[in-house]
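Protein chains: 2
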Amino acid sequence: MTQAQNDIPNPAVRRLSLYLRQLELLQKRHVPTVSSSTLASSLSLTDAQVRKDLAYFGQFGRPGVGYEVVSLIQGLKKILGTDRVTHTLVVGMGNLGRALAAYQGFAPKGFQLVALFDMDKSMISKSIDGIKIQPMRQLTQTINRLEIRLAIMAVPADSAQAVADQLVSAGIRGILNFAPLQLRVPADVAVRGLDVAAELEQLSFQANR
Amino acid sequence: MTQAQNDIPNPAVRRLSLYLRQLELLQKRHVPTVSSSTLASSLSLTDAQVRKDLAYFGQFGRPGVGYEVVSLIQGLKKILGTDRVTHTLVVGMGNLGRALAAYQGFAPKGFQLVALFDMDKSMISKSIDGIKIQPMRQLTQTINRLEIRLAIMAVPADSAQAVADQLVSAGIRGILNFAPLQLRVPADVAVRGLDVAAELEQLSFQANR
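Chains as they are written, first to last, in the working numbering: chain D, 1 to 209; chain A, 1 to 209.
Excised from the complex, chain D in its bound form (with noise of 0.2 Å):
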């Protein structure tokens, strides 16, 4: 990554996955080019903001022509770095860790999830669409032997912050974190956090002005 990309401002990095899906839509469909309008209105956003954003990531698209649907997919997948496949483990597995495991989503999208964890004695060993359940105590070897870079963790919000430590000093890149509480990481160990009451709560906010 060059130097460029860390004065990226976030909102352009997060709306470059509405454009993929968007693309990944119109390839779905055999559309082999799209105009930055047309990916525009699509996402009730302005031709100037598509421009504005691909921009900071190279160069893309050409005038008259558009951008060419497949090549502009490679693109933002190289830069998003889902390019190329990377391991993904669970962590808790309560009703929302088991969905989170049997989801068939992730693996289309380059992430795919290749260990579960808990730590409730009764689910270990038990299986998931062919994955065991493993004990937290297995945690640093898995993730050496997997090489696994990411983890999401459906744990309750009482232990979230034991197990982001024992996830970082095991070595994981990424967090995605359900608990409602911010986690505490190094500046190197990106973390996000996805809390869905809070989502309620923005939405009934919303719905009430």
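One should not assume that every hint holds.
As the list makes no split between identical chains, a pair holds if one copy fits it or if it spans any two.
[What the hints assert, rightly or not] In silico EDC-like cross-links for lysine to aspartate or glutamate, where the CA-CA straight-line distance does not exceed 20 Å:
1) K77 <-> D165
2) K77 <-> E24
3) K77 <-> E199
FYI, nobody ran anything at the bench for these hints, they're computed from the structure.
Given the coordinates of chain D, work out where chain A should sit on it, guided by the hints.
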């Protein structure tokens, strides 16, 4: 809501949920008051940011004393509309929908799940935590009878727009969408998207820096 509240920047509204989570932790520990700087540092924000955010919504806190935890919680809930119970439904009883239906974390935040729906006949009249799964044709009647305002959608992408259309015409005011596509809804209906694979993409980007 006052006109002024329409001008509040989205990130400030977003942070209200963060403040609320942190204040609820303090309440659990029976902490009576908190300064803006303590609240800020626990969330990796600046003192000035916290004071500015809260100032959008009114007069909170007193110089030298800080914010009273219980009354700030009440104030934030009132702003978010979660000081009263909001009836909420879930559509789509696949793995994720069932996990959300069984999740115990919504009710304490003011969102009571009161109805579940699925398109698949084999799921109909099964129950999750005492709530029967209903067919889609009962949507409008149930929404009216139980005064349901919000909907959580955990349906496949290719049926998501059709389901959203049904929810909107049945009177739903806000939709939390887990399907990986942007829904088109009228301007007076709120929508938020939660695309777990897109969150992993963002994490991948950050972890690769």
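Against the structure, the hints come out as follows:
1. K77 <-> D165: Result: close neither inside a copy nor across copies, 29 Å intra and 32 Å inter.
2. K77 <-> E24: within (11 Å within a copy, 39 Å between copies)
3. K77 <-> E199: Intra 27 Å, inter 14 Å, cutoff 20 Å: inter-copy only.
When each numbered hint is compared with the structure, a violation occurs for hint 1 only.
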